[in-house]
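Colleague: Here are the chains, one letter per residue:
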Amino acid sequence: MSAAADNAYYQRRGILGTLGRDGLLQIILIANTIIMLAPIIIMVFSAFKTTPQIFQSPFSLPDFSHIGNFVKIWTETNFLRYLLNSFVVTGASMVLILTLGTMAAYAIGRYQFTGSGFILMFFLAGLTLPLKLAIIPLFMLMRDLSILNNQLSLIFVYTAMGLPTTVFIMTGFIRTLPNELEDAARMDGASEARIMWSIMLPLVRPAMVIAGIQNVVPIWNDFFFPLVFIQNDNLKTLPQGLTTFMGEYTTDWGVLFAGLTLSAAPIILIYIVLSKQFIAGMTSGAVK
Amino acid sequence: MAGPPRQTCPGQDGRRTGVAQLSLRGIKKRFRTTDVLHGIDLEIGDREFVVFVGPSGCGKSTLLRLIAGLDPITDGQFFLNGKLMNEVAPSRRGIAMVFQSYALYPHMDVYENMAFGARLMGLDKPEVERRIAEAARMLRLDELLQRKPRELSGGQRQRVAIGRALVRKPDVFLLDEPLSNLDAALRSEVRLEIARLHREIGGTMIYVTHDQVEAMTLADKIVVMNAGRIEQVGSPRELYESPANTFVATFIGSPRMSLVDVTREGNRLNVPDGGSLALDALPQVPALKLGLRPDAVSLHRGGGEGFEAQVVYTEYLGDNAYVYVRLADGTVLAARTAPNDAFAPDAPVRVTLAPGAAHFFSAEDGRRLVP
Chain A
0 MSAAADNAYY
10 QRRGILGTLG
20 RDGLLQIILI
30 ANTIIMLAPI
40 IIMVFSAFKT
50 TPQIFQSPFS
60 LPDFSHIGNF
70 VKIWTETNFL
80 RYLLNSFVVT
90 GASMVLILTL
100 GTMAAYAIGR
110 YQFTGSGFIL
120 MFFLAGLTLP
130 LKLAIIPLFM
140 LMRDLSILNN
150 QLSLIFVYTA
160 MGLPTTVFIM
170 TGFIRTLPNE
180 LEDAARMDGA
190 SEARIMWSIM
200 LPLVRPAMVI
210 AGIQNVVPIW
220 NDFFFPLVFI
230 QNDNLKTLPQ
240 GLTTFMGEYT
250 TDWGVLFAGL
260 TLSAAPIILI
270 YIVLSKQFIA
280 GMTSGAVK
Chain B
0 MAGPPRQTCP
10 GQDGRRTGVA
20 QLSLRGIKKR
30 FRTTDVLHGI
40 DLEIGDREFV
50 VFVGPSGCGK
60 STLLRLIAGL
70 DPITDGQFFL
80 NGKLMNEVAP
90 SRRGIAMVFQ
100 SYALYPHMDV
110 YENMAFGARL
120 MGLDKPEVER
130 RIAEAARMLR
140 LDELLQRKPR
150 ELSGGQRQRV
160 AIGRALVRKP
170 DVFLLDEPLS
180 NLDAALRSEV
190 RLEIARLHRE
200 IGGTMIYVTH
210 DQVEAMTLAD
220 KIVVMNAGRI
230 EQVGSPRELY
240 ESPANTFVAT
250 FIGSPRMSLV
260 DVTREGNRLN
270 VPDGGSLALD
280 ALPQVPALKL
290 GLRPDAVSLH
300 RGGGEGFEAQ
310 VVYTEYLGDN
320 AYVYVRLADG
330 TVLAARTAPN
340 DAFAPDAPVR
350 VTLAPGAAHF
360 FSAEDGRRLV
370 P
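Heads up: the sequence lines are chains A and B, in that order. Going by numbering that gives the first Met the number 0, 4 is the number at position 5 of the first sequence; the sequence numbering is gapless. Going by numbering that gives the first Met the number 0, 176 is the number at position 177 of the second sequence; the sequence numbering is gapless.
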């Protein structure tokens with residue numbers, strides 16, 4: 000009796016048994032994908048609708064030939080200016096972050112010198128500091144440097160914000176590179192700069208991509224610092240600029256969504272292009 | 000040892016001479032507070048194949064890195080062709096190195112790997128191409144030039160690593176355990192290859208290994224190292240036939256030499272409670288270590304002259320057999336016997352020695368004693 004019951008118990012297949020572990024994972028992943036993509040898709044759809052259409056049928060397929068919102072945003076607003084500003088600020092910040100961060104990480108990761116541990120800790124301490132809490136001192140600092148209402152203020156703050164994660168990620172990667180590669184390059188007569196540039200950096204490119212994406216998204220989307228530092232409309236970045244649509248057009252939602260779509264597009268493109276770089280595997284075969 | 004190093008290439012500053020004479024004088028290396036090398040004196044002649052051999056951690060790789068210039072020398076002087084090299088950059092010493100892990104640049108193909116160093120030497124394009132073609136032919140890499148290191152097998156990577164050293168046309172090749180990542184079958188093949196290369200290119204080669212078989216088969220001169228000191232320098236034959244001390248004696252040769260503590264009375268050697276043996280020429284000390292290689296030992300059944308022993312086990316190798324026996328004091332000896340000469344385990348045997356085949360070492364410090 001009890002044996003039969005046991006048997007029945009073991010033969011009853013739960014949801015895990017029916018679908019298998021992989022099947023369950025698939026369901027979770029598909030659900031997650033839908034949840035993640037839905038807002039983006041609704042945003043894109045809404046960009047092709049007029050404001051009344053958005054409220055009448057928010058989820059319906061739009062008429063994709065209706066590009067009035069895009070024409071309007073392109074011709075009647077300062078959108079292009081904002082886009083350009085965002086590119087300048089984000090681009091300059093990323094160049095600074097990756098250059099300085101990689102160089103700092105290379106020095107910390109590959110050279111032994113007194114205080115290297117302290118410097119790394121110093122960078123890592125930056126991870127724990129929310130710069131937004133320092134907004135008032137930062138504001139005064141920018142005022143004293145007289146770069147308020149100047150994109151330099153944003154670039155400086157973003158660079159400072161991005162360095163800790165970059166140094167953290169890059170130091171870890173650079174440390175894993177085999178010393179013998181460096182020795183081999185040194186025997187070949189390469190200078191320190193060339194060893195870094197020709198031998199080591201190509202091998203840490205996946206890490207640079209990770210560090211880059213990690214930083215580019217928050218910088219591109221940042222709303223807070225431009226709001227505080229920038230008042231001149233011609234210097235505003237996209238997230239800040241888009242809010243002006245709200246009042247200006249008594250909230251023309253269609254135009255706003257079109258602007259959001261356009262502002263999200265570069266980041267999505269960057270993601271798609273660089274995703275292949277995540278697949279590292281570069282060092283395989285270097286050292287057996 | 001003392002005196003100025005021989006000047007073999009007068010008046011040719013920095014130019015490749017094809018001659019390489021290395022001279023190490025009291026080389027010391029300290030990492031923070033740990034002394035790794037305690038004063039190495041060594042002369043290496045042109046076109047010699049020198050093998051540094053010793054157990055792990057004896058400092059042989061460290062010494063190689065000092066010669067390469069990858070680590071600074073703490074104390075002492077290193078001359079190459081009579082020029083002090085202590086402060087010279089690695090790439091300007093005319094030395095190339097093959098690393099244990101090969102250290103191929105993973106993002107460059109084979110051609111680029113070899114061209115990298117050659118270009119940095121300032122060679123023009125045709126010369127770089129000519130040298131790579133030559134190295135590729137010598138190492139049979141022609142088919143592989145466009146491949147990335149990850150697409151190569153272990154043996155091929157090894158050849159590329161050697162090729163990278165070849166294109167720089169160095170006077171001295173350093174090889175750091177180049178065979179340790181290869182499987183056994185490939186190892187003997189690459190060993191032959193390296194010996195052939197040394198004949199063909201004729202440079203001075205310094206080779207580091209912990210494998211005494213590699214050392215014996217490849218070397219013109221073996222440098223046996225232990226705990227940061229050189230124990231002995233000599234040809235494989237010298238090391239095998241007259242080891243300077245018990246360390247060298249037991250390190251070189253397989254199966255290793257057995258050491259027996261014996262006392263001397265007249266011309267007889269006694270193992271405590273284990274029989275005795277008469278030998279013609281003996282060092283005039285009361286107690287000593289007797290070093291016995293398997294081919295010096297003969298085993299006999301029944302009573303008579305010799306040390307008493309008990310058979311432990313037999314290793315049958317086809318062309319001969321090694322019989323391990325235990326003496327009365329517990330020392331285990333290996334004896335080489337004919338393959339069909341069977342000794343049952345635990346059987347009592349007597350051990351006698353072939354004339355002149357025994358080695359004698361001091362009981363105190365293990366130095367070789369000459370009768």
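Honestly, the hints are just simulated from the structure, not real lab data. In this text, all values refer to a predicted model and were calculated from it rather than measured experimentally. Note that CB positions come from ideal geometry on N, CA and C, so glycine has one too. Please note that the accuracy of each hint is not assured.
What follows is a list of derived Cβ distance ranges for each label pair [as the list claims (entries may be wrong)]: (1) A:120 x B:18: 50 to 58 Å; (2) A:274 x B:182: 33 to 41 Å; (3) B:226 x A:196: 53 to 61 Å; (4) A:127 x B:30: 33 to 41 Å.
Colleague: Each hint: holds or not?
Modeller: Hints, verified against the model:
1. A:120 x B:18: 50 to 58 Å: For residue 18 (chain B) against residue 120 (chain A), whose Cβ atoms are near 52 Å apart, the range 50 to 58 Å holds.
2. A:274 x B:182: 33 to 41 Å: Distance hint for residue 274 (chain A), residue 182 (chain B) holds at roughly 38 Å.
3. B:226 x A:196: 53 to 61 Å: Hint violated: Cβ distance 41 Å, outside 53 to 61 Å.
4. A:127 x B:30: 33 to 41 Å: holds (35 Å)
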